[in-house]
Amino acid sequence: MQPVSPVHCRLGEGIIRDAERGCIWWVDIEGQLLHRSSYDGNHYSSLEFDQKVSMIALSTHHTLLVGLEREIREIDEHGHRIRSTAFEPDCAHTRANDGKVGPDGALWIGSMSSRMRSGEAALYRLDQDFQLRTVLTGVTVSNGMGWSPDGTCMYYIDTTTRRIDAFSFDPAGDGMIPQSRHCITAIPPELGWPDGMAVDSQGNLWVAMYDGSCITVWDPADGHLLDRIDLPVRRITSLAFGGDALCDLYITTAAADSAGEQQDLPLSGRLLHLTAQQPGLPGYLFGRRQE
Numbered sequence: 001m002q003p004v005s006p007v008h009c010r011l012g013e014g015i016i017r018d019a020e021r022g023c024i025w026w027v028d029i030e031g032q033l034l035h036r037s038s039y040d041g042n043h044y045s046s047l048e049f050d051q052k053v054s055m056i057a058l059s060t061h062h063t064l065l066v067g068l069e070r071e072i073r074e075i076d077e078h079g080h081r082i083r084s085t086a087f088e089p090d091c092a093h094t095r096a097n098d099g100k101v102g103p104d105g106a107l108w109i110g111s112m113s114s115r116m117r118s119g120e121a122a123l124y125r126l127d128q129d130f131q132l133r134t135v136l137t138g139v140t141v142s143n144g145m146g147w148s149p150d151g152t153c154m155y156y157i158d159t160t161t162r163r164i165d166a167f168s169f170d171p172a173g174d175g176m177i178p179q180s181r182h183c184i185t186a187i188p189p190e191l192g193w194p195d196g197m198a199v200d201s202q203g204n205l206w207v208a209m210y211d212g213s214c215i216t217v218w219d220p221a222d223g224h225l226l227d228r229i230d231l232p233v234r235r236i237t238s239l240a241f242g243g244d245a246l247c248d249l250y251i252t253t254a255a256a257d258s259a260g261e262q263q264d265l266p267l268s269g270r271l272l273h274l275t276a277q278q279p280g281l282p283g284y285l286f287g288r289r290q291e
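The sequence shown begins at 1 in full-length UniProt numbering and counts up by one.
It cannot be assumed that every hint is accurate.
[To be verified] Restraint ranges, calculated between C-beta atoms of paired labels, are given here: (1) Ala-92 - Glu-190: 32 to 40 Å; (2) Ser-180 - Gln-278: 22 to 30 Å; (3) Asp-90 - Ser-180: 24 to 32 Å.
No lab work stands behind these hints: they were computed from the structure.
Each residue gets a CB set at the ideal place from its N, CA and C atoms; glycine is no exception.
Using the sequences provided together with the hints, build the complete structure.
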């Protein structure tokens, strides 16, 4: 395990692989920054926004989609706005949080309650025409998402539930998801809070554990914990498979909440890298439906 680039984030999140540009992107929510780095971390740059920025996705038009507090914005790689749509403009106590493009070519993005009020947030689907539709309500902190290798199952984390839900998914369907089932239930408190998620080529779920100092790996078929990977930071927030062979695991973290903790855990807030034994899935582009 080693850090990538010298960037320190207050709240790192939203890591994705960009195979076309040969780089990785991630955000610092509290710093209102979008970061970009080569795989090896030797070349990096940042863009600053006028709002907190919580996630990033790639499109078929070589543009980027960013989730801001009150807006989903399409930009070029230099940060210039192309188009945008409002996001929960009348909700004073929520903001955009994690999001990811699915095999249907749409952006799935959720909100979170900034005051942690149960059921105050929601999950949305943004289609190729930039029309935003609510697909799930009663959410508190919408977080990690992922899809099975064949695209027929969507996995979803509402952090405060301490579980991972699964929905039947039709990439060619209308974007609605039926009643969920609980595929990973009652994640023990000592593991932390489930946050961001990635899926490997075998369909296993890799979960960043906030306040848990670890990554957990789960078998969604039977709900068993397959592995626990301990890290020298407390707040792990998101993760993504990257590199040319998709065996590089990139991990975002949040800064320590005290000077003493930062001294004890100096990698807090850094982007971390480790080599995974199992490759991940490549991810999807906004505007391209899986065939």
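Each hint tested on the structure:
For the pair Ala-92 and Glu-190, the supplied restraint of 32 to 40 Å holds, since their beta-carbon distance comes to about 34 Å. Evaluation of the 22 to 30 Å hint for Ser-180 and Gln-278 yields a pass: the beta carbon distance comes to about 26 Å. Judged by the Cβ atoms, the range 24 to 32 Å given for Asp-90 and Ser-180 holds: they are separated by roughly 27 Å.
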